[in-house]
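Enquirer: Position chain B against the provided structure of chain A, taking the given hints into account.
Residues per chain are reported as follows:
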Amino acid sequence: MKPRSDGFPARTLVTALALVWSTAIAVIAASGSTPTPPPVGPPAARSAPAATATRATAPPPATDPAQANNFVGEETCVTCHEAEGKSIHASLHGKVQNARTPAGRVAGQSCETCHGPGQKHVDSGKKEDIRRFNAMSARDQNGTCVACHSKGAHAEWQGSMHDARNVSCVSCHSIHAPKSEKFQLKTATATETCETCHKQEAMKVKKSGHMPVREGKLECTSCHTPHGSNNVRMLKVGNSINEACASCHAEKRGPFLWEHAAGRENCASCHDPHGSNNDRMLVAKAPMLCQRCHVSSRHPATIYDATQVASGSNRVVGRACVNCHAQIHGSNHPAGAQFLR
Amino acid sequence: MRTRLSTMVAALLLVAGGALAQEKSPASAPQQDVAAAPAASAEFAGVNQIEFGYRGTMYTTGSDEARRQRYADLRDGATVDKFRWAKTTDQYLFKVEADHLGYRDQRFAGAYNNYGKVKANFEWNQIPLYFSNTTQSLYTTSGGTASINDNVQLALQNKTTTLVNAVQLGSVFDLRSRRYVGSANVIYSATPNVDFKLSVKNTDRQGQQPWAGSFGIGGSPATVELAVPIDHRTTELASALEFGNSRAFGKIGYEGSFFRNNQPTFTWDNPVRVTDAANVGGTSAPAIGRESLWPNSNMNSAIVTGGVNFAGRSRATAFLSVGSMTQNAALLPMTANSTLPVVALERPTAQAEARVVAMNYNLTSRPTNTLWFNARYRQYQFDNRTPIFETGSYVNYDSAYTAGLNHESEPFGYTRHTFDADMSYSPATYLGLRAGYTRAQNDRTFRVVEQTTEDIGRFSVDLTGVTWLTLRGVYEHGKLRGTPVEEAELIAIGEQPSLRQFDISDRDRDRVSAIVYVMPASFLSFSGTVGIGREHYPGTNFGLRDNNNNVYSVGFDLVPNDRVNFGVSYGWEKYTALQASRTSNPLPDPTFVDPRRDWTDDSADKVNTLDVSLDLLKVFPKTEFRIAYDMSDARSTYVYGLAANTTIAAPAQLPAVTNAQRRATVDGKYFLTPHFAVGGIYWYDDYQTSDFALGPQPGLALPATASPAIVMIGYRYLPYTANTIAARITYLW
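If you're matching them up, the sequences are chains A and B in order.
Following the numbering used here, the numbering of the first sequence begins with 121 at its first residue and continues without gaps.
Following the numbering used here, the numbering of the second sequence begins with 2 at its first residue and continues without gaps.
For the record, the hints were derived by calculation from the structure and aren't laboratory data.
Since this is a predicted model, take the numbers as computed values, not measurements.
Please note that a few of the clues may not be correct.
To be verified - Listed below are the simulated EDC-like cross-link pairs for lysine to aspartate or glutamate, each with C-alpha atoms no more than 16 Å apart in a straight line:
1. K83/B - E301/A
2. K83/B - D260/A
3. K83/B - E66/B
4. K299/A - E124/B
5. K206/A - D91/B
6. K118/B - D100/B
7. K372/A - E354/B
8. K299/A - D563/B
9. K337/A - D82/B
10. K88/B - E321/A
11. K607/B - E301/A
12. K607/B - D634/B
13. K575/B - E321/A
14. K337/A - D106/B
15. K356/A - E237/B
16. K575/B - D392/A
17. K302/A - E124/B
18. K619/B - D563/B
Chain A extracted, bound-state conformation (with noise of 0.2 Å):
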């Protein structure tokens, strides 16, 4: 069977929309105009390490001496935000041996590195002279962030979906008071982290077929990363779901002898992995779930009612269908075209 185009141009769609963003992209950067962050002290302040870009720019050429002299040192800074200080210099970003932290990548400028040059601050001791987190926009905030955390586990951050519903780095982590033994989470764990927003998810885990994770097994971040990720609703393993799954569960993986089609496309066209009510997590109780698939006649069509269960009918009690098709995920043997070997 030979797949059939429907006739929609999306390749033609996708290169036109290329063409007109790199014409867009080189007209912005022909007319020399480049997004300036939210101003945060007069003109000379903009041109410190630009922490709202996607890269990370160094501290202003020290040829501009008012410019070079905006930055006050990490030991100016303590001197009122001791807790702070204290704080980053528990955690990895204080460590000063790593040149890529906020503390080891220029001598004593630490605080500085995030929230920018803070001469102004320290000579009016207002907030709003230096870049104060709560007073940006998510982007703002999270441009801070990935100009350091561009690859390893960030690299797909940029479009992600959190980046699309304008989350920032913030809403979850805490840099100056973390919760969590790991991960710096403003939350003891990550999987209270998520269950903020993610109400539904957290509902699900609670009901008697579940994945491990109210008993400390696995969290959120077993399956998912948060961060954004080449497969598909942000799965950390694999390229697609069944991919995700087969990474634990690989003796579902295959390829097998004899395919059971829905499966081998979405292993949650019939199981919810975040938690249900049913048996191994199935989506609705077999042999219904079945029949929604398996029409047909005899006995995938009957109705399966008490008075069946009464008769102790092997097509209800138990495991239901699978009772005799029980290799429901695909077999290997040459008798296996239904599953019942």
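Expert: Below, chain B without anything else, positioned relative to chain A:
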């Protein structure tokens, strides 16, 4: 191939355009390579601690102790828990952790971080799965064979006893399995810009799980429930070389996964046959059944990915993964029944293989502070290259041989193309308005709908950063349509011609969700969420017709200071689905085309969830106190309906399925000194359930007649009520 080439050319155009723009922006501040920060898994030294305790539980009579401990080991006894030790200097951090020492759910972990040079961690995690402690079976499982005492089989075969009586002789056993997961990861930073990564994960799973086998539709027993052996191991290996700085990143890597099953075959005795019989009631009666369990398989992938930042706060990334999934297990003979003809197999091994190619191209741009664009093209190709397998002749259930019955396998494959475009406009600092569009096309082989295309439009509002209000909402409308179906193909396999399997059926979908947080004061917040989804399947008369959900929650948190935290959250969920079918025989029987024999099943799943917690940390001198109550109460119904002019008997409606779980926790700790605390914890767990399929049954052989259709092992959903008290001593240093 052409599609892939065009896509790669388009991606290269993006990169070239962006690079060109970058070179033409001399006004930008001079760039200095700033190495990217390490991956975000900051380990803190924290507080060193260890906890010694003793735990005891009282269950009410008849409680299902297994279900209560499904993924945990809560046996009575001494406990050593929450061991945390770390040593940190300005150069490195070394940390070890241990939980639930000596119990089936114990966990060990360690991490070493030489800042900016090497980062390593390991974990050993044991995850038990306790199905039941009341399972009972005539079978004894050894290796891959489940056998019944020959004397019992002979007695049943000769009808000197009945199954109903014989199953009472079965041994009671614990039905459990366990998963041991060992993993280790190393990141070596060769330079501030270059990382080499290596990770290994090994998962060993052993034990038994509920299973079943069948000897035929009408036999007695037709089906036997069994405890199938599990003994397999999965090894995953990943390595990558990654470069990154403030302007670009690149990565090449390899990922492999190797599944090995030490029990690839499962054989089980027929309770009523000691020997194969050529003819019993018209079919052969085998002495054993034999299944292929999960075959050894491998998955290998090579990955290359990279990204570059451009002017206009733009970033383009590209990802390519090329790999394969292979499985070439030896095929079992068609049947284990010695009285049936041997069916020659057209090949001795499975020769199963799928080539997998995944691509992801993404472009994000924020040319001004108020505008944000994102475009993504994603492709996933599962190219199933397993040769079609034809049986020639066939044996069903190891008992029914049919010469010339040729079953032909269908090696399903598919290719998914997904294009997403989103634009966000921020008219105010804390407000984002986003509109987006997705076009998803799915091309398939060996399915009645060869291609489906879905168009999805979406709009979202995100209001954040306002001190007293956070609002997020999104609406999506999707329309999925497929290519026409050759209805004759459906009829040929005995299916109704107007059936469409729901995963490839035409579908109209609307979804809206919203969350709001209101914080009238810094110590008080209220939250509310709503999620509504509607799925309708037009153009199909059978199968799933509608699938809807309504989810609501409200809550509030009172945090007057960092020592008091009181929170309440209530959620209500309702999931409904409507499906249709027709009770009939296959053509040319006239019932197949008789709409008076149609029936529907209207299912509804309603859940109430309540969480209440109160933390009092040092409110009373030297004490930490926590009270919590969690409840999840679910009720599912399946209601059958008939056509107005029906000719089939009215069904007896199924009883509701209920699952109600409650846990109350009281946890207190008193610090005798800043380093030494004593305390206790009390858990009350209550689970009540009623399940017509998995609840208590009249016996293990059903129906309890001379010819039961199914022999069960007694794996049930049973209630439990448990009171656990634990005393503990915590030492911190």
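Enquirer: Under the criterion that the straight-line Cα-Cα distance not exceed 16 Å, is the pair K83/B, E301/A satisfied?
Expert: The hint holds at about 12 Å.
Enquirer: Hinted pair, alpha-carbon criterion (16 Å max): K299/A, D563/B. Please report holds or violated.
Expert: 12 Å, holds
Enquirer: For the pair supplied as a hint, K607/B and D634/B, is the alpha-carbon distance within the 16 Å limit?
Expert: Given that 16 Å is the threshold and the Cα spacing comes to 8 Å, the pair holds.
Enquirer: Does the structure keep K372/A and E354/B at a Cα separation of 16 Å or less?
Expert: 14 Å, holds
Enquirer: Regarding the pair K83/B and E66/B, is the alpha-carbon distance no greater than 16 Å?
Expert: With a Cα-Cα distance of about 24 Å, the restraint between K83/B and E66/B is violated, given a limit of 16 Å.
Enquirer: Hinted pair, alpha-carbon criterion (16 Å max): K619/B, D563/B. Please report holds or violated.
Expert: Status holds; Cα separation ~10 Å.
Enquirer: What's the verdict on K206/A and D91/B, does the C-alpha distance respect the 16 Å limit or exceed it?
Expert: At roughly 13 Å apart (the allowed maximum being 16 Å), D91/B and K206/A satisfy the hint.
Enquirer: Are the Cα positions of K337/A and D106/B separated by 16 Å at most?
Expert: Distance of about 9 Å is within 16 Å: holds.
Enquirer: Assess, step by step, whether the Cα of K337/A is no farther than 16 Å from the Cα of D82/B, and give holds or violated.
Expert: Distance ~15 Å between K337/A and D82/B Cα, so the pair holds.
Enquirer: Assess, step by step, whether the Cα of K299/A is no farther than 16 Å from the Cα of E124/B, and give holds or violated.
Expert: Not OK: K299/A and E124/B at ~21 Å, beyond 16 Å, violated.
Enquirer: Holds or violated: are the alpha carbons of K356/A and E237/B at most 16 Å from each other?
Expert: 14 Å, holds
Enquirer: Take the C-alpha atoms of K83/B and D260/A, compute the straight-line distance between them, and say whether it is at most 16 Å.
Expert: Distance ~39 Å between K83/B and D260/A Cα, so the pair is violated.
Violation of the numbered hints given earlier is confined to hints 2, 3, 4, 6, 10, 11; the remaining hints are satisfied by the structure.
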